[in-house]
Structure formats: C-alpha cells, structure tokens
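**Student:** Residue-level listing of the chains:
There are 2 protein chains.
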Amino acid sequence: MKNINIGLFGFGCVGQGLYETLNNSKNFAGQIAKICIKNPEKKRKLSADLFTTQKEEIINDPNIDIVVELIDDAEAALDIVVSALQSGKSVVTANKKMVAENLEYLVELQQQTGKAVLYEGAVCGSIPIIRTLEEYFGHEPLNEVKGIFNGSTNYILTKIFEDRLDYPSVLKEAQDLGFAESDPTLDVQGYDPKFKLSILLTHAFGIHVPPSEITNLGIDRLKTADLEYARSNGYTIKLVSQARRIGEKVFGFVIPQFVKPHHKLADIRNEFNAVTLDGEFCDEQLFIGKGAGSLPTGAAVLSDISALSYDYKYEYKKHYNLGKLPFSNQSPVKVYVSYNSPEQVDLQDFESIQEKYFSFDHCYVIGNICLGKLQKDDWRNNKNINVVLTAEDSQTGLGNLCVNDLKDEIDELKKGQKIRERITI
Amino acid sequence: MKNINIGLFGFGCVGQGLYETLNNSKNFAGQIAKICIKNPEKKRKLSADLFTTQKEEIINDPNIDIVVELIDDAEAALDIVVSALQSGKSVVTANKKMVAENLEYLVELQQQTGKAVLYEGAVCGSIPIIRTLEEYFGHEPLNEVKGIFNGSTNYILTKIFEDRLDYPSVLKEAQDLGFAESDPTLDVQGYDPKFKLSILLTHAFGIHVPPSEITNLGIDRLKTADLEYARSNGYTIKLVSQARRIGEKVFGFVIPQFVKPHHKLADIRNEFNAVTLDGEFCDEQLFIGKGAGSLPTGAAVLSDISALSYDYKYEYKKHYNLGKLPFSNQSPVKVYVSYNSPEQVDLQDFESIQEKYFSFDHCYVIGNICLGKLQKDDWRNNKNINVVLTAEDSQTGLGNLCVNDLKDEIDELKKGQKIRERITI
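Chains as they are written, first to last, in this note's numbering: chain A, 1 to 425; chain B, 1 to 425.
Be aware that a few hints might be false.
Note: identical chains are not told apart, hence a pair may lie in one copy or across any two.
What the hints assert, rightly or not - Listed below are the simulated DSS-like cross-link pairs for lysine-lysine, each with C-alpha atoms no more than 30 Å apart in a straight line:
#, residue 1, residue 2
1, Lys2, Lys324
2, Lys264, Lys159
3, Lys249, Lys26
4, Lys313, Lys334
5, Lys260, Lys159
6, Lys313, Lys26
7, Lys26, Lys324
8, Lys249, Lys42
9, Lys45, Lys407
10, Lys414, Lys55
11, Lys313, Lys2
12, Lys324, Lys38
13, Lys55, Lys43
14, Lys407, Lys159
15, Lys264, Lys249
16, Lys415, Lys356
17, Lys356, Lys260
18, Lys223, Lys172
19, Lys45, Lys313
20, Lys42, Lys324
Simulated from the structure, these hints should not be mistaken for lab results.
Generate coordinates for the entire structure from the input sequences, incorporating the hints supplied.
**Tutor:** Below, the structure is given as structure tokens:
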C-alpha cells in the first residue's frame, strides 16, 4: 500500500476525529500534510505550520495525493471538491448536503476526470452503508431502504419517551449537551436525513432525486397530546426515512412514524442510527451503529481514504446499468394528523378518512393523504398541524394513485377543453 | 466491467441459489459456463451439456475466468481451490470448514499465485461481514466481535422459548422442515459457528486460530430444568460466538448464553444471524441478516464474483501489519453448569463458586471456570453436564489468570524440581 499525503479542509469535530483515528490506527500508511482552515486566529493543538488559509496550497501541491473535505458550508465544499477533481486529486467528503444536491454533477465529474469522490461519512456515520450498497447489493434488486438516519432527533425522541418529557425541554437539553445544533432546523425538520436518503436512492435504486423533490416532515411540531396518543397506544415515535420500489416506481420520504414495541427500529436509542434493507435475494438486513460523532465519522472518512489507496471508486452500477426508475410523490400515505381546531385542516385534502377526533383544544384525523399534498405550501407551512405515519409498517396504500390528483388533472383538462371551446366558437 | 465465465463446483442449495441470483440480477455481466457435479444421474433442471464430472474440464479451460466452489466436502473443496489458484484462476468459496482449517495456507497461496480467494458466503450468509471488516475496519483496533453465527440452532432456540417446547421435539421439527441437517452435530454442538469465528478472528484481529484451539459447547445438552431456570429468570438462551481482545491477548469461544430481554441479541429470531462489533473509533455496531439459505448465500457468492471482476482481494491488513496478538484459553468464564447428580462434576475444577443448587435429579453450580478446563476431555465428553454462560455480558472475569492453571503449573514445576532433586542426589 502506498503512503498517502492528505490535504484536509476543515478541522472541526470530524476533522479532529480523523486526526485521532489516523493517530491511533496502527496499520495505516499516510498522514495529514496540510490543513486549510478559515480562522487562523483560533487556538489549535497542532503545530501552526500544518495550517493554511489558502485553498491553493493544498489543491496545487503535487505532493498531496488526496483531498479530504470536512467543512460545514455546502457551497464552499462543492468548490473545493470540483477544484480537487479538476487538478487530478481524488476526494473524500462527509458533506451530505453538498453531495445530495450535486450528486449527478459529481458522478459526471468523476467520469470526466477519472478521479473518485467517496462519501461514506456523509451517511449514517459509522454504518458502512454506501460501500455495502455498492459492493454487496450492486447486483441485487432492492425493494426497500429505510431507517433512522439522524442521531440528534433520535436522541430527542428517545428522551421524550423514556423520560416522559416534552419536545421543547428535551431539545434544550440536547443543545446544552451538544447533541443538537444551536440552530436545529436541518435536524428537527428532517432535512439532514433527507439529504442522506437522497444519496442512498442513487446507490440503492440507481436514481438521482434532488432533495427538493423528497417530502420531509420533522419532529418540531410534536405536541403533548400527540405524545399522549402515542403512549396510550403503546407506541414510540421515530423519525423514519424510507424509500420503496413498488412496481416500476420509487417512493421516498422522511416523516415521523409511530413505532410498536419489538419493531426493528423500536430499540434504536439515543444517537444510534439504523438502516434496514429489503432485497430480492437477501431478504431483510439491518445495520446499526453510531450515526454521528467525531470518532465514528472520522473512522468512516479514514475507511474511504484507505480505499483510495487502491484506487477504489463507486461504480454506480445500478445508475449506469439499469433502466431509470421514476421517482414519484403521487401516492397516498396513511397518516395521523393532529391540530388544535377544526378550521386548521381541510378534510377534503384527504383521499380517505378512517378516524376523526375532535375536542376543545385537540383534533386528529387518521386517513390517507397524497404525499404530494403534504409537500404543498398550505400543508408544509401550516405550523398548527403535526403529521405522523401510522404504525402499519407496510403502508398498504403506497403505490396506489391519488384520487385528488386525478381530480385536479381532470379539472385542468376540462379547463383546457373550455378554453378550446371558447376559442373555436 | 468485463464479462465473467464462471466454472462452478457443486449444484446443491447454494449453487442453485447462485444460479437464481445470477439470472435475476439485471446488471451483472457473466454466466455459469460449466458445472462440475458428483452424480451425473441426478435429474437437473438445466441442460445436460452444462454439467461435467471431470474437475479438469473447469480447471484447465482457459475460457473460464474464475472458479466458484460450493461443495460440502471440505477436503475435496480444498483440493479444488488449490488446483484453481495454481492454474491461475481466482476462487469464490462458501465452505467455512475448509477455509477455517486452512486459512493460513490459503493466505500464503494467494500471495504466491497472485490470485484471490473470497469467501463472504462462508460466514453468516447474507451479512457482508468479511468485506466490512476488511474494508471498513481494516485500520480500526477492535475490542470485540460477537454474535449469533448459526441459523439452525437459533431457529431451534427461538422455537424452544417462543413455543415453550423442549430440545428434542424442536430438533425433530427443524429437521423435518429442512432447517437442520439429518446429522445436526456440526450445528448443535457449535462447530459450524466456531469455523466462522475462526475466520473472523483473522479479519478482525489479524490472527489465525485453528478451530481446534477454540472452545465450542453446543445446545444439545439443554435439559428441561435448564429451560425452566432460564424462563424463571426471564432469560432466553442463544448460542453466542465471541472473540474479545483484552490487553494484548485475544479470547474466543462458542458457548450458549443466557440472554436478558432487550439485550441486542434477544430479538434475533429463527434463522437470522447477527454480528456485533465493538471498535475503538466506531463504538458499537450491529449487523443482522439471514444466516443461511439458497438465495441469501447465493447473493453473497455473487457479490464476491462481482468483486473479482475488478480484481478485488482481501488485503489481510491486520494480519500483515500488526504484531500478532496471542490467542489464549487461559482465562475464567462465568458459567451456569447443570447436571443430574453431585458426583458428575468435580467442584474443585471451578476457580470460584457463587451459587450451588442440589435437588433429587437436578443440580447446578454458578461459578468461574477456566476456558481451558471446558475444553478438556473430562468436561467435553461428560454428557451429563450442560454449560451456559451467565447473562452478564461483560464477563468481568475474562482476561484474569486461572488459579487452577497456575496451580497445575506449580505442580508441574514442583514435579520437575523433585525429579531434578532425585537426579542430583
């Protein structure tokens, strides 16, 4: 194995984790040659001449073999990755937002430059899911990828249910402990797990789906009444990301879900993540590990660096070799929708309703609603409502057509018909 | 990716599974060119000219790129693998006994010939544990590898506890259903999971430990009284394989264990397998999947074939790059030992005893006993006794020295001393 000189961008939590894992790994032949950081004034525990603020000092250094990008800013990260590839260096990154939003472009760039971008650390920290999907399930038709892809929200939900607390107080505690960001939006509204789901869609089903097309609902609207409803039914709630192939379509979304005891995700606690696969050959698979943290993510990054030492690349087998399956939001999902007073939700929006409950300050409806509807502004921005998938794992309605969508379509067609009629008269 | 011509040995359960997965995988470029079988008279669903009984027709065919060995007989399997490597063909095998018993030799042969032997299908069926250990944890110091590595016994134990049945009746049922072999010795006495543990020791800790050095106790001596003891304590029993690094020594054994509810192995049911890892960087990891079966194992074999298409090899990084850790049986484990009458067990064999129970036809002792003692003939062959590890997961005594061993050593030294004294007199 050749000795590897690493040019590192960013020296935050994961960057320092990588440094630690490199130092404590007894059989890795490589070292960090240079670290590019934003703020040269910050006190660091490493020698000052290891640091630079000039990107070019890494990109243009012929002695640096690979670039490891571990900064927060997705735009700047993309810039680094593109520059590195174009100057003939392979890249390891853990920036899920950047990868998810630019994956099609990154795949093209890899083809053009012949260099690799690896990003195991971007999805579920210490769980080797991308490499496993590429290498182990590359030839296997998969039916489902599902799991808990965000450690902060899983920590919050675990505390809520185990310690019988409410959402705001646990969020505060998680922030104090460093388990949640001071601006927790990306986590608690389900954006972070959506980026990961978007990346996994490429490796599991061979399709690129921009995150903007995937429905994400978070845990930030969970009310005490919802928690009581869950507890009285013996459920907990998990923020579940899932993608399923039904016939020749793929559906995918991030929505909190009621979870029964003994469900395979029920015992995934605190900052742990889980990924379940359902394949044609292997049947059910479950992977559990720490989803975040300095060392677990640092170790994932190190495993990518190690793979670059023998010129490993993702082959994107399914993306290149299979017919592209269409991704769709035109399907009903069965949800529990809670709100405070009847006028806040238009029941016409549902495809069908199985249960309704109204009281002085709490209402809920259980029924089928189209995924596409949940993505629309009147639902997305309605802070009064909270949506949780029912505990039925199979989501039997998924894959059916949405009647509301069909009606809209018919209305549109009729309108056009009328316009044509008027024109022809 | 190049098109691959496969020469297959054996067309039993896994061979047919491979054929199925190849046929149903939409993006794999390769086919089975020839199948070598033992019995040409058997009716097969494939065209007769695909089959041969002559090994050389595959080994000497320059159009065949790789050899896939899926026969039962470990000795004949080794012969095939060696011939294939020596004639310049890489090999995929799923024969755990053959691999475990010859791993050091197979590693050497790979070095000599420059060809690869891959054997993901040999360990825990559909769980991609070997590749993960090689690629993902190749640079990470591991503390523990543990799990349920045998589907037949896990199926039997699940039925025993969920349906409140006894061992003989469930074994019979499992045999009728094809979940257990007509000669179940390798499974129920813990040999099969021991072969797998031996293979994982190489990939997790870099050491080759012949299966004969690893203690294996099975589930075939479980008596009704033991099941009652487990049930009354709220335990189930699992056949657990485990290897742990403590200081600079590695311990490993396959012994049934009492398992508390909510333990990470408690919900691994029926033919599912599980592997847990504990690493310095990643902390705890858990992998769950089907441990056996035609398609799951066939898919594992296919993933190895696919890896050969880009000349993948196990690097045995830890084996080559780390100091060899010694494997030891000189440590106490905490066990529940049951038997029928007091004279059947010599309590002096224990390091220490915490509990004793005697009744008319059932006795048990809970205490620490040296692993090496459990391996000795007087314990191994004593059909009256049943040994189960206590539910304490940490096995706090592990890694300590065995007082009995030290006494024996002192006795030996004293004997020598006396002989020397007599000689010198």
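**Student:** Decide, hint by hint, whether the structure agrees.
**Tutor:** For each hint, the structure was consulted:
1. Lys2 <-> Lys324: For Lys2 and Lys324, only the inter-copy Cα distance (22 Å) is at most 30 Å; the intra-copy one is 38 Å.
2. Lys264 <-> Lys159: both (19 Å within a copy, 19 Å between copies)
3. Lys249 <-> Lys26: Answer is between: at 16 Å across copies they meet the 30 Å cutoff, but 47 Å inside does not.
4. Lys313 <-> Lys334: neither (40 Å within a copy, 47 Å between copies)
5. Lys260 <-> Lys159: Answer is both; intra-copy 17 Å and inter-copy 23 Å each pass.
6. Lys313 <-> Lys26: both (25 Å within a copy, 21 Å between copies)
7. Lys26 <-> Lys324: So Lys26 and Lys324 pass the 30 Å test across copies only (12 Å; inside, 43 Å).
8. Lys249 <-> Lys42: neither (50 Å within a copy, 42 Å between copies)
9. Lys45 <-> Lys407: Answer is neither: 64 Å inside a copy and 51 Å across each miss the 30 Å cutoff.
10. Lys414 <-> Lys55: neither (58 Å within a copy, 71 Å between copies)
11. Lys313 <-> Lys2: both (17 Å within a copy, 16 Å between copies)
12. Lys324 <-> Lys38: neither (41 Å within a copy, 43 Å between copies)
13. Lys55 <-> Lys43: For Lys55 and Lys43, only the intra-copy Cα distance (20 Å) is at most 30 Å; the inter-copy one is 68 Å.
14. Lys407 <-> Lys159: Neither. Shortest intra-copy (43 Å) and inter-copy (51 Å) distances fail the 30 Å Cα cut-off.
15. Lys264 <-> Lys249: within (25 Å within a copy, 35 Å between copies)
16. Lys415 <-> Lys356: Neither: 34 Å inside a chain and 86 Å across chains, both beyond 30 Å.
17. Lys356 <-> Lys260: within (21 Å within a copy, 40 Å between copies)
18. Lys223 <-> Lys172: Within one copy only: 16 Å inside a chain, 53 Å across chains, cut-off 30 Å.
19. Lys45 <-> Lys313: Neither: 34 Å inside a copy, 39 Å across copies.
20. Lys42 <-> Lys324: Close neither inside one copy (48 Å) nor across copies (42 Å); limit 30 Å.
In terms of the numbered hints stated before, the structure departs from hints 4, 8, 9, 10, 12, 14, 16, 19 and 20, listed from lowest to highest.
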